[in-house]
Every structure is written in C-alpha cells, then in structure tokens.
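In order, the protein sequences belong to chains A and B.
Heads up, the first sequence is in this note's numbering, so the first residue is 1 and it goes up one at a time.
Heads up, the second sequence is in this note's numbering, so the first residue is 1001 and it goes up one at a time.
The hints are simulated quantities; they were obtained by calculation from the structure and are not laboratory data.
One or more hints might be untrue.
To be verified - Label pairs and their in silico Cβ distance ranges:
| id | chain 1 | residue 1 | chain 2 | residue 2 | range |
| --- | --- | --- | --- | --- | --- |
| 1 | A | Gly52 | B | Val1126 | 24 to 30 Å |
| 2 | A | Asp124 | B | Pro1090 | 29 to 35 Å |
| 3 | A | Ala72 | B | Val1096 | 23 to 29 Å |
| 4 | A | Arg95 | B | Ala1109 | 38 to 44 Å |
What the hints assert, rightly or not - Keeping only pairs whose Cα atoms sit at most 30 Å apart, straight-line, the calculated DSS-like set for lysine-lysine is:
| id | chain 1 | residue 1 | chain 2 | residue 2 |
| --- | --- | --- | --- | --- |
| 5 | A | Lys76 | B | Lys1076 |
| 6 | B | Lys1040 | B | Lys1076 |
| 7 | B | Lys1076 | A | Lys40 |
| 8 | B | Lys1069 | A | Lys40 |
| 9 | B | Lys1040 | A | Lys69 |
| 10 | B | Lys1069 | B | Lys1040 |
| 11 | A | Lys69 | A | Lys40 |
| 12 | A | Lys40 | A | Lys76 |
| 13 | B | Lys1040 | A | Lys40 |
Keep in mind it's a predicted model, so treat the numbers as computed, not measured.
Even for Gly, the Cβ is constructed at its ideal location relative to N, Cα and C.
Number of protein chains: 2
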Amino acid sequence: MKVSANSRAPQAAPLPVDLADGVFPAGCPSRTVLDHVTSKWGVLILLALSEGEQRWSDLRRRAEGISEKMLAQTLKTLERDGLVRRDAQPVIPPRVDYSLTERGYELSALLVPLVAWAFENAEDIVNGQR
Amino acid sequence: MKVSANSRAPQAAPLPVDLADGVFPAGCPSRTVLDHVTSKWGVLILLALSEGEQRWSDLRRRAEGISEKMLAQTLKTLERDGLVRRDAQPVIPPRVDYSLTERGYELSALLVPLVAWAFENAEDIVNGQR
DNA sequence: GTTGGCACTAACTTTCATGTGAGTACCTTA
DNA sequence: TAAGGTACTCACATGAAAGTTAGTGCCAAC
Chain A
1 MKVSANSRAP
11 QAAPLPVDLA
21 DGVFPAGCPS
31 RTVLDHVTSK
41 WGVLILLALS
51 EGEQRWSDLR
61 RRAEGISEKM
71 LAQTLKTLER
81 DGLVRRDAQP
91 VIPPRVDYSL
101 TERGYELSAL
111 LVPLVAWAFE
121 NAEDIVNGQR
Chain B
1001 MKVSANSRAP
1011 QAAPLPVDLA
1021 DGVFPAGCPS
1031 RTVLDHVTSK
1041 WGVLILLALS
1051 EGEQRWSDLR
1061 RRAEGISEKM
1071 LAQTLKTLER
1081 DGLVRRDAQP
1091 VIPPRVDYSL
1101 TERGYELSAL
1111 LVPLVAWAFE
1121 NAEDIVNGQR
C-alpha cells in the first residue's frame, strides 16, 4: 500500500489550487474550524463519538483526564459547529445523549486514519528524538 | 457521493481495538504527537511542505501571520519528530531548505484531506452557528 | 554608509486554553 | 441521614502557547 522505498523518493504533490490559496491567509474561516477540530480534546471527543451515541458521563470516563469544564466547553463548541448533536431527555436523573451529526461523521472519517497513524508512529517518534 | 438522507443515518463504526484502547489513556505518546501535529502552525507548515522543499523565508511568507519565533519553534519540533528534514547550505547569504521526510509525507497525505474538508465546510460552519 | 535580506536566537510579555474547586437540583441506595 | 450519581455552571488560578522586540553576522544593492 506504500509507494515503496526504492521506486521513488517521497513525492511532493501540488495542493488543490483553492486550498493552496485559501488556507494560508491569516483571517480565513478554515483556520478557526481547524482550531476547534484539532483542539486537545476536540479530537478525542469526535473520535469517541464516532463509535456511536454516548452519554456525558461515558465521555467523561472515555476521554481520560478531561475535566468537566473542558468536556462541557468542547461539546458546546462542537455542537455550535454542527458536528455534534445533543439530545437531552427530561427525565430524572438527567440523561443527555451526544452523537455525531452527518457532518460530524464526515469529519471523523478523516480524523480516524490520522489518529491511527499518530498512534502507530507515536513510540518511534517520541523515542527517536535523536 | 453522500450516503444520502434516506438510506440510512450516519453510521457509527467501531474503532480499531488498539486505537480505542490506546489513544484515550492520559499519558500515551500519541497524545503528544497529535499535539505537535495539530498545533496551530504545525498543520500549516506540514501542508506547505507537502508541495515540496521550501526555504525559511518562503515558509514565513506562506504561513501568513506566523512569527519568526513560532516558525523556528514549529520547524524544530517537527524536525525532532522526524517529519521535517533541514538542509543548511554553508553559503553566504545563508540558505536553508526544509522538506518532508518519508514519514512526513505519510502524515501530510492524511492531513491534506482533513484541511480540504475544513476549507470546504468552514463558511457553513462559521456562519451556521444557529 | 546605511538599508535590507537571510536565518536565525534570546528575553520578555500577553493572551488564551485548560485546570481546580465549589455549588446546583433532584433522586436512589445504603 | 448521609453518601453518591447525573449533568451541569461559575469564579478563579495557572501554565503553556503565542506574540513582541531586539539583536546577530555576513553580504549585496542603493
């Protein structure tokens, strides 16, 4: 699946034109979105939810180390961005389910391979700081 | 190209087992790598370099808004992580070329679609904060 | 002869993301 | 009756990330 070591050196590929022109300018919205999505906890939450609907307390346990404040904040941002759906049932004790929207699934589909790569290469990278 | 609205709701997919168990724990190396890679400027630099070797001052102009300090810092981190190669020629005036390593290219291949998605959806997302 | 480009480093400051701890309202179980 | 779970919010503290300013050595062009 890799281009193979001897066939050719890693290739530089031109980016799509609109991307090349669009992402780099300072004030562009994609930078904001990228910031939300690639925030410390954003990735983890999106990833966790890619496995399906989950409750507040599930997420809290899942994303090890997150504080309640950051969980609330991250979820709120992702909800405002239309990536996460919040479903609060008026029962007692409270029950709130979080899930990805269609757009959220689109994103997580791109995020999963990235995180998988990071996971696979993490040890090499962290150790190999020559 | 979309799964279509009526066929089925967006599907939850189980993550690869090792990923599901590996990424969420607090102290795991993948979190560090993810932090480097998804840092504000890391993404931009990796993206810029995916188009091929570039000089310091090229990058500085390309990643609009970056300070010299942040450029140096980001490049250093990515170099230590083995994603970026630094080639300093002993000429005057100094000339330093930066390029991606093979591992860097692997990463950028995953990053490009993500950024492209962010770019395409950015306006919708930023405006549609209902 | 001074301005400017090149590729940086270092010191200092500000801003912002994240963390901490407490409090809320209600109910269940011990 | 006290402890604990559920899903939060709010005020405050801290620390890391990012920005700012200045300075380096050398050369070329003006």
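Hints, verified against the model:
Between glycine 52(A) and valine 1126(B) the CB atoms are about 28 Å apart, so this pair conforms to the stated range of 24 to 30 Å. The hinted range of 29 to 35 Å is satisfied by aspartate 124(A) and proline 1090(B), whose Cβ atoms lie roughly 31 Å apart. For the pair alanine 72(A) and valine 1096(B), the beta carbons lie near 45 Å from each other, so the given range of 23 to 29 Å is not met. Against the hinted window of 38 to 44 Å, the Cβ-Cβ separation of arginine 95(A) and alanine 1109(B) comes to about 41 Å, which satisfies the hint.
Between lysine 76(A) and lysine 1076(B) the CA atoms are separated by roughly 34 Å; this puts the pair beyond 30 Å, and the hint is violated. Taken as a hint, the lysine 1040(B) and lysine 1076(B) pair is honoured in the structure, with Cα atoms around 15 Å apart against an allowance of 30 Å. In summary, the hint linking lysine 1076(B) to lysine 40(A) is supported, as the alpha carbons are separated by about 21 Å, within the 30 Å threshold. Between lysine 1069(B) and lysine 40(A), the direct Cα distance comes to roughly 22 Å. Compliance with the 30 Å bound is thereby established for this hinted pair.
As the CA atoms of lysine 1040(B) and lysine 69(A) are separated by approximately 22 Å, the hinted pair is consistent with the 30 Å bound. Between lysine 1069(B) and lysine 1040(B), the direct Cα distance comes to roughly 14 Å. Compliance with the 30 Å bound is thereby established for this hinted pair. Distance restraint check for lysine 69(A) and lysine 40(A): the Cα-Cα separation of roughly 14 Å lies within the 30 Å cut-off, and the hinted pair is therefore satisfied. Restraint check: the Cα-Cα separation between lysine 40(A) and lysine 76(A) comes to about 15 Å, which is no more than 30 Å; the hinted pair holds.
Distance check on the hinted pair: lysine 1040(B) and lysine 40(A) sit about 11 Å apart at the alpha-carbon level, within 30 Å; holds.
Hints 3, 5 from the list above are not met by this structure, while the remaining hints are.
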